[in-house]
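A.B. asks: Sequence:
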Amino acid sequence: MHAGWGKVATAGAYQFAIDTFHPQLLINLGTCGGLEGFAELGEILCVSQTAFYDIFEGMADYAQAIEFYSSKADLGWLPEELPKHTRRARLVSADQDIQPQAYKRLTQEFGAVAADWESAAFAWVANRNGIPWLILRGVSDLVSPTIAETAGNLSLWQARTAKIMQDLLTQLPWYLVRFAEQHPN
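Per our numbering: the sequence shown = residues 1 to 185.
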């Protein structure tokens, strides 16, 4: 299933998938922007936690709003050691590319190593429906406190994405076998 980009498209598509197909596991593959010094170009992140970083609660408790929309994965079915160049990580999402001025907030307030547009919405919908989920994201570009390397450079992102998606599809069977071993039908 291809949902397109953004939180709304992702949430709607995955709720449809859950209601229609009743999956045992929801999987989301894609790219993310890495935060320089916390992520490496080309590495794969097995997402353990998500949060939205574009929530700005002004009437009540900001921390409570962030916590409500945060999600944790149950990855107990995975061994400690993951495939090569892959690690567990916290990823945050917003309907925007990472802006250099957000670097400090994302690394310090959220403890994020990377960000994307969709993962937090995907995880939140899966958790609300009680469906286990797996997010694998490849780091396609890096953002520092002063520059976003793919800003205005779509062709660079596209070139890197082709390799990342091939890597993700190569790794995916490894995860499916581990899940099936722990969740036999």
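Watch out, some of these pointers could steer you wrong.
Said to hold, decoys possible - Capping the alpha-carbon separation at 27 angstroms, the derived lysine-lysine pairs in DSSO-like fashion look like this:
1. 104 x 72
2. 72 x 84
3. 163 x 84
Simulated from the structure, these hints should not be mistaken for laboratory data.
As the structure is a computational prediction, the values presented were derived from the model and not from experiment.
A.B. asks: For residue 104 and residue 72, compute the direct alpha-carbon distance and say whether it is at most 27 angstroms.
C.D. replies: Distance of about 22 angstroms is within 27 angstroms: holds.
A.B. asks: Just to be careful, I want the Cα atoms of residue 163 and residue 84 compared with a cutoff of 27 angstroms; is the pair within it?
C.D. replies: holds, 15 angstroms
A.B. asks: Take a quick look at whether residue 72 and residue 84 sit within 27 angstroms of each other, Cα to Cα.
C.D. replies: Holds, because 23 angstroms separates the two Cα atoms, which is no more than 27 angstroms.
Every hint from the earlier list agrees with this structure, and none is contradicted.
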